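Trainee: Here are the chains, one letter per residue:
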Amino acid sequence: MRYLQMVRRFVVQHATMAQFPEDAVEAFELAVDEACTNVIEHAYEGRPGHWVDITITVDPTRFTVRICDDGKPFDLASYTEPDVPALTQQRQGGGLGVHIIRRLMDQVEYRKRDGRNEICLVMYRAQ
Amino acid sequence: MQLEIVEDRVGDTLILAPVDRVDSSVARDFEEFVSNRLAEGNTSLVVDFARLGFISSAGMRVLLLAAKKLRAGGGSLLLCGMRDSIREIFSISGFDRIITICNSREEALAYEA
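Taken in order, these protein sequences are the chains called A and G.
Oh and the first sequence: position 15 is 91 in our numbering, straight run, nothing missing.
Oh and the second sequence: position 90 is 93 in our numbering, straight run, nothing missing.
For reference, chain A alone in the conformation it holds in the complex (with noise of 0.2 Å):
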């Protein structure tokens, strides 16, 4: 979780300097972070010691953020939209920080590849 931050400023950094507006680099920093809160508390379980990896691809088309763990894959078909009143019932989960990926970014894909999963956010540039 301490890393957090750091991968936030990278992702800010990148979408900055590729000329998104504001408004869309501030999505990606909470999509961003959402995604890797998930890896971590569900993906890993909250275990310390794992690795996630985090590529960013940059075309005249758009921004993407790849974001890749080996731990629990992400059930996609056990996903509802999130309760929000029942949220407090609960620590974690809930689907909310999936829910606000999914509104923010044009994109999302899961995928299992090679034991790993990859969550790839995606954002068009305005055209």
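All clues stand as given, with none of them false.
Taking beta-carbon pairs under 8 Å as the criterion, some of the chain G residues facing chain A (in silico):
1. 57
2. 60
3. 61
Label pairs and their in silico Cβ distance ranges:
4. A:200 - G:43: 48 to 58 Å
5. A:178 - G:54: 20 to 30 Å
6. G:44 - A:178: 32 to 42 Å
7. G:14 - A:121: 41 to 51 Å
8. G:103 - A:189: 42 to 52 Å
9. A:92 - G:44: 43 to 53 Å
10. G:94 - A:183: 17 to 27 Å
11. A:135 - G:38: 41 to 51 Å
12. A:78 - G:12: 30 to 40 Å
13. A:156 - G:94: 15 to 25 Å
14. G:22 - A:82: 12 to 22 Å
15. A:135 - G:103: 34 to 44 Å
16. G:46 - A:79: 30 to 40 Å
Don't read these hints as lab results, they were simulated from the structure.
On a predicted model such as this, the values are computed, not experimentally measured, just so you know.
Note that the Cβ used here is the ideal one computed from N, Cα and C, for glycine as well.
Fit chain G to the known structure of chain A by using the hints.
Mentor: Just chain G now, with coordinates in the frame of chain A:
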């Protein structure tokens, strides 16, 4: 990273202004802080976002929990001073339908009065 909160009191209302960021690395500290203030008997709480640049769902959940506790005891929680991007997140999460959000601290205090 440590949690920093500036506290202020106007009448019976306690105002908490978290500084810089409330992400999942400090959410538990934030929860404990708010929970302690409620346990001390504060029933009128305003959380001022004016100094806050970033909040994630872990921090938002703490506010939801506080709102629920306060409401159950006849108290109230108001949020104010949000920048547009944070307000948007509260809106897309549906939190703005559960917690009252005022534009400014002054508006929140007038609302409480």
